[in-house]
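> Okay, here's what each chain looks like letter by letter:
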Amino acid sequence: MSEDAIIKKFMYVNRKSPYGTIYALESLEVVLITAAFDQDVSLTFTDDGVYQLMKDQKTDGIGMKNFSSTYAALGDYEIKKIFVDKESLDERGLSLSDLQELVWEDEDEDYAEKSSINLVSRSDLSKIMNEQDIVMSF
Amino acid sequence: MNMLHTVNKSPFENSSVSSCISMCAKNNSILFIEDAVISVMKATKFTGMIESSLKDFKMYALRPDLEARGLSLDNVIEGVKIVGYEEFVDLTTEHDSVQSWL
Numbered sequence: 001m002s003e004d005a006i007i008k009k010f011m012y013v014n015r016k017s018p019y020g021t022i023y024a025l026e027s028l029e030v031v032l033i034t035a036a037f038d039q040d041v042s043l044t045f046t047d048d049g050v051y052q053l054m055k056d057q058k059t060d061g062i063g064m065k066n067f068s069s070t071y072a073a074l075g076d077y078e079i080k081k082i083f084v085d086k087e088s089l090d091e092r093g094l095s096l097s098d099l100q101e102l103v104w105e106d107e108d109e110d111y112a113e114k115s116s117i118n119l120v121s122r123s124d125l126s127k128i129m130n131e132q133d134i135v136m137s138f
Numbered sequence: 001m002n003m004l005h006t007v008n009k010s011p012f013e014n015s016s017v018s019s020c021i022s023m024c025a026k027n028n029s030i031l032f033i034e035d036a037v038i039s040v041m042k043a044t045k046f047t048g049m050i051e052s053s054l055k056d057f058k059m060y061a062l063r064p065d066l067e068a069r070g071l072s073l074d075n076v077i078e079g080v081k082i083v084g085y086e087e088f089v090d091l092t093t094e095h096d097s098v099q100s101w102l
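Chains as they are written, first to last, in the working numbering: chain A, 1 to 138; chain B, 1 to 102.
Read the hints as simulated data drawn from the structure, not as lab findings. Quick reminder that beta carbons are idealized off the backbone N, C-alpha and C, glycines included. Treat the hints loosely; a few may be bogus.
[As the list claims (entries may be wrong)] Straight-line distance between alpha carbons at most 25 Å, and here's what the computed DSS-like set of lysine-lysine pairs gives:
hint	chain 1	residue 1	chain 2	residue 2
1	A	Lys55	B	Lys26
2	B	Lys81	A	Lys86
3	B	Lys45	A	Lys86
4	A	Lys55	B	Lys45
5	A	Lys86	A	Lys114
6	B	Lys81	B	Lys42
[To be verified] Just some of the chain A residues that point at chain B, by a computed CB distance under 7 Å:
hint	residue
7	Asp48
8	Met54
9	Asp56
10	Gly61
11	Glu91
12	Arg92
13	Gly93
14	Tyr111
From just these sequences and the hints, can you work out the full model?
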């Protein structure tokens, strides 16, 4: 990558449950494409979007592809800023322990695994969203 | 009329679930499918509404849709019956008509 390459801050806002619509899967695909262009990518999971990260998804019964394991690859694409809205978890009776763990490897610390997930309030999200160059909503 | 109501949208997303409940006649049945299965989980903002409606309606939730979303069957509200596709078919034949709340 040339030194004067433009890096923009992209945020993907995920607000829908995973299998009722195609939004969750489409978002994930676009996220991976953007990451391949060395952009500053972050992901937000809010409203029903928090269900996308649920552990133990089993889709055999509905005959759809289970893409939940793909989220674990985000760390390999240098996506290490994943924001989960605490209020959305609360109103659904969920906590972080219901969600899969997502990590990235810090090469400056001998590839130590660090959590990518940040539990944030809606007022935090508002600030973080306002710092972005581009926000895409799914 | 003994009507079966089916709902497929999350109660957090739109008003289908609450509209269905408010217009459902006593002793009718409601089957929650796709994203609407979120409605029957314990400890959500909608749990109270579902629990208080259980005295008026029979409620069912489709197991494959719960499992796909990682929603534990143990956390389904007591009184809501968990069913598979075969029982879905049975429900449609046992009722006089089916109304889908889209």
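> Check each numbered hint against the structure and report the violated ones by number, ascending.
Checked against the structure, the hints that fail are numbers 1, 2, 14, while the rest are satisfied.
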